[in-house]
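Undergrad: Sequences listed follow chains A and B, in order. Going by the numbering used here, the first residue of the first sequence is number 36, and it counts up by one from there. Going by the numbering used here, the first residue of the second sequence is number 266, and it counts up by one from there.
Some clues are possibly wrong.
Stated by the list, open to error - Covered stretches of chain A (in silico footprint by chain B; criterion: 3 or more residues with CB under 8 Å from a CB of chain B, positions within the stretch not fixed): (1) 87-96; (2) 117-123; (3) 126-139; (4) 219-230.
None of these hints come from the bench; they were simulated from the model. None of these values were measured; they are calculated from a predicted model. We put the CB at the ideal spot given by N, CA and C, even for glycine.
Chain by chain, the residues:
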Amino acid sequence: MIESRGLSKVFKDKKRGLISAVDNISFVCKPGEIYGLLGANGAGKTTTLRMLATILEPTDGTAVVCGYDVIEAPDKVRAHVGFLSTATALYPRLTSQEMVEYFGRLNGLDESTLRKRLDEIFTRLDMNDFRDRRCDKLSTGMKQKTSIARTLIHDPQVMIFDEPTLGLDIMTARTIIQFIRECRDRGKTVIFSTHVMSEVEKLCDVIGIIQGGKLLAEGSLAELREKYHEQDLEEIFVTVVAPLYASQEAV
Amino acid sequence: MSLRNIGVVYRKELKEALRDRRTVISSLLVPLLLFPLLTAGLGAAMSALMGKANEEIPKIMILGGEDSPQILKHVRKLNQVDILPATGDWKDKVINKEIRAVVEIPAGFQDSLVRQQIGWLKIYNYDGNLESSIAADRIQKQLEEYRGRLVKENLAAKNLPEAALKPFEVKQQNVAPPEKVGGAAFGGVIGYMVILLCLTGSMYPAMDLTAGEKERGTMETILSSPILRVDLVLGKFFLVLTTALTTAALSVTSMGVSFWALGHFHAFDKAGADAAQQMQLHIGIHTVLSIFIMVLPVAVLFAAALMAVAIFAKSYKEAQSYITPLMFIVIIPAVCAMLPIDLDAKLALVPILNASLLCKELVTDTYHWNYIAIIFGSTCVYAAAALFLAVKMFQREDVLFRS
Numbered sequence: 036m037i038e039s040r041g042l043s044k045v046f047k048d049k050k051r052g053l054i055s056a057v058d059n060i061s062f063v064c065k066p067g068e069i070y071g072l073l074g075a076n077g078a079g080k081t082t083t084l085r086m087l088a089t090i091l092e093p094t095d096g097t098a099v100v101c102g103y104d105v106i107e108a109p110d111k112v113r114a115h116v117g118f119l120s121t122a123t124a125l126y127p128r129l130t131s132q133e134m135v136e137y138f139g140r141l142n143g144l145d146e147s148t149l150r151k152r153l154d155e156i157f158t159r160l161d162m163n164d165f166r167d168r169r170c171d172k173l174s175t176g177m178k179q180k181t182s183i184a185r186t187l188i189h190d191p192q193v194m195i196f197d198e199p200t201l202g203l204d205i206m207t208a209r210t211i212i213q214f215i216r217e218c219r220d221r222g223k224t225v226i227f228s229t230h231v232m233s234e235v236e237k238l239c240d241v242i243g244i245i246q247g248g249k250l251l252a253e254g255s256l257a258e259l260r261e262k263y264h265e266q267d268l269e270e271i272f273v274t275v276v277a278p279l280y281a282s283q284e285a286v
Numbered sequence: 266m267s268l269r270n271i272g273v274v275y276r277k278e279l280k281e282a283l284r285d286r287r288t289v290i291s292s293l294l295v296p297l298l299l300f301p302l303l304t305a306g307l308g309a310a311m312s313a314l315m316g317k318a319n320e321e322i323p324k325i326m327i328l329g330g331e332d333s334p335q336i337l338k339h340v341r342k343l344n345q346v347d348i349l350p351a352t353g354d355w356k357d358k359v360i361n362k363e364i365r366a367v368v369e370i371p372a373g374f375q376d377s378l379v380r381q382q383i384g385w386l387k388i389y390n391y392d393g394n395l396e397s398s399i400a401a402d403r404i405q406k407q408l409e410e411y412r413g414r415l416v417k418e419n420l421a422a423k424n425l426p427e428a429a430l431k432p433f434e435v436k437q438q439n440v441a442p443p444e445k446v447g448g449a450a451f452g453g454v455i456g457y458m459v460i461l462l463c464l465t466g467s468m469y470p471a472m473d474l475t476a477g478e479k480e481r482g483t484m485e486t487i488l489s490s491p492i493l494r495v496d497l498v499l500g501k502f503f504l505v506l507t508t509a510l511t512t513a514a515l516s517v518t519s520m521g522v523s524f525w526a527l528g529h530f531h532a533f534d535k536a537g538a539d540a541a542q543q544m545q546l547h548i549g550i551h552t553v554l555s556i557f558i559m560v561l562p563v564a565v566l567f568a569a570a571l572m573a574v575a576i577f578a579k580s581y582k583e584a585q586s587y588i589t590p591l592m593f594i595v596i597i598p599a600v601c602a603m604l605p606i607d608l609d610a611k612l613a614l615v616p617i618l619n620a621s622l623l624c625k626e627l628v629t630d631t632y633h634w635n636y637i638a639i640i641f642g643s644t645c646v647y648a649a650a651a652l653f654l655a656v657k658m659f660q661r662e663d664v665l666f667r668s
């Protein structure tokens, strides 16, 4: 489970001064559920997810992931989290297998467990044809599968995806979507960020709309439709963010 | 801190480094080949040039001497020169290397000899041009022999012994053993080269493992794993240290082998053999080991400092721009060691310079244990400070995610 409690992050910029990227965000994401964080560019999605994955430290507030506090036990949090984003690239000079092995070892897997899990994942994701190929020689789809294998090797209970389909072709994007769905079906806690409405509509059990670092609306698609009297998610999104967007533009 | 995780990171970085052509070239090939190329290659080139210059029969001209037939006759009989008729543009011909030297016999020269007044003969040459200098030396030597004969004749004519002109001789004699002589000449250069190679061997891996990782987008990937940041830094640091030490070990070993080979195999002609004899440098196993041990803390200092600087960069190219000035900070003290400076207690505290000066002493088989202790200790302190800084930099979000 993921429980965000007033998460905030302020960055210091030499030119712009203090920037509040995430402002007092609280939500809960349960196992067997996909939580979609929907927002425009710069809304604070990536920063929120990075804090949950303990890549960044919150300035205020905290989060509990799998029972561990992100500030007090970040390494334990990371041991139970699989994190995938467009910024999580592969090591070009390692083979696909070596890449996944490396992260398996960093996650504390012993060699026999690692070997067994590697074979299972590579077979499940149909990766055996290229397991000995260097990552810089893989196609986009193969790279994405290798990244997925990397996040799965230690069988984490929580999966965090930051715009996982950004820049991917339709077929590769479908693979990712299918994979996210499978994670949910296996009882994992899944949170992912996107600005693609169709992905949210297809996948998410709970949707959180974020803008200007604030969580402006939350609920299932049905709940949001009822609350904002709109059927189209895009219209709901615009309705929710418009006032804040307008005030930001005015500033 | 987990030694296991440090080991996992180290082995992975080592695997990647060995698959990277640039690391292999800068850390393995360059140190292996540099000294053999410098000694054998440069040595062979130098001896070939010297040999060719010595074999040349230089073209010369003679100016004047119409009223000094005796000296003119003697000058015309100079050995191993080709005398051309004098022309008005002789100076230009010397500068343009068409002739190698010009001998001038001033007016009234023979007359001054007869009256036993001091006269002069001038040899015009092109200073800095090897062939011209050899020609001038050859002419001077023969003219001085002639002068010597004239002196003997004059003394005999006056029934004076030769000792009247030279009551005693003054001679210099070296008492230092050959290894100290060679070491004094080359020790500074060796120290400079080993330290510089240690730096250059670790530069690329340091940049690749820090700024390069940011540029490739794998920094966030590794930071999402459970590994502690201090373990990550130390794993990378040990890889950079490995490349620095490998470069140092290979360069010291190849240096020792090159100079040993130079001392034993004279593949050149006599001129080359003479040159090789002068360059002879005795570097024993114990000297090689001593230099390597001296370089250890220097390598730690370089590895940590390079990582601390490179992690700040957003990209590999930016890291290069930060590290290039660092090279000058290392080169300047290393070069200063080639000056005739002796190690003392104050200089023993100056990083890099202390190691270079120590290397110079080690090559001459001189062991000042008090200075060695100061240098080793102080360098370890500097290295520890640099490593601490590198670890701290890796824990700063504004550095890791600088964009």
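Undergrad: So which of those numbered hints doesn't the model satisfy?
TA: 4
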